[in-house]
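K.L.:
Spelled out, the chains give:
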Amino acid sequence: ELKVEQNPLFLSMQEGKNYTIYCNYSTTSDRLYWYRQDPGKSLESLFVLLSNGAVKQEGRLMASLDTKARLSTLHITAAVHDLSATYFCAVDMGGLVFGKGTKLTVNP
Amino acid sequence: DTEVTQTPKHLVMGMTNKKSLKCEQHMGHRAMYWYKQKAKKPPELMFVYSYEKLSINESVPSRFSPECPNSSLLNLHLHALQPEDSALYLCASSPLPGLAGGLRTDTQYFGPGTRLTVL
Chain A
1 ELKVEQNPLF LSMQEGKNYT IYCNYSTTSD RLYWYRQDPG KSLESLFVLL
51 SNGAVKQEGR LMASLDTKAR LSTLHITAAV HDLSATYFCA VDMGGLVFGK
101 GTKLTVNP
Chain B
1001 DTEVTQTPKH LVMGMTNKKS LKCEQHMGHR AMYWYKQKAK KPPELMFVYS
1051 YEKLSINESV PSRFSPECPN SSLLNLHLHA LQPEDSALYL CASSPLPGLA
1101 GGLRTDTQYF GPGTRLTVL
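Line by line, the protein sequences are chains A and B.
Just so you know, our numbering puts 4 at position 4 of the first sequence, and the rest follows in order with no gaps.
Just so you know, our numbering puts 1055 at position 55 of the second sequence, and the rest follows in order with no gaps.
Hints are all accurate, no fakes.
Computed Cβ-Cβ distance ranges for the label pairs, DEER-style: (1) S1020(B) - S51(A): 35 to 45 Å; (2) Y1051(B) - T77(A): 36 to 46 Å; (3) D38(A) - S1020(B): 22 to 32 Å; (4) V55(A) - K1040(B): 27 to 37 Å; (5) S1065(B) - N18(A): 45 to 55 Å; (6) H1079(B) - E1(A): 27 to 37 Å; (7) V1012(B) - N52(A): 43 to 53 Å.
If you are wondering where the hints come from, they were derived from the structure by calculation, not from laboratory data.
In this text, a Cβ means the ideal position worked out from N, Cα and C, and glycines have one as well.
Given these sequences and hints, build the entire structure.
P.N.:
Put into structure tokens, the structure is as follows:
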């Protein structure tokens, strides 16, 4: 059974600080997805990481994938309040299997 | 157009009612999905349609009945639901089916969801 584990599950950050969310998964996969969800809203696609060593950046967010370690990271640089949301990683098994999510709160 | 639409946005139904959720996309995607999301939990896969055929059913109770009438439309028929079925139901689509269909998928685009309450 595929397991997708995220940590931390809760992250309280100060504005301007950097932090990393980790996503470990238990099966071979060369595709890893990151989504953002705001309260009461649907899922917004952030990144699709397609191969080992893939790195993608969008604004203050950067995602990477190490398929050998079965690890993806989402790095947040100089956090701002607008980044407050829940972030999910997911692995494709025909449909997506999600991690439990990381609830990120950015405080002034 | 990268939009997946879902109707209705909200639905309240009794345990004896029959209702349907509708999902539509006009991106030419050939894979469509239903997910269920309970409060403060991640989405859980329910069904996958590949080229209008049901390819994955994640052991979903028969009170949920999916239907894919054409490549743009996906329905979820609801009958005799229980209060614990109350959740956000999310539809998604992607250009190609995922691993189980033998092909690789690209980003899944999610609709806004239908918030279902079963009384």
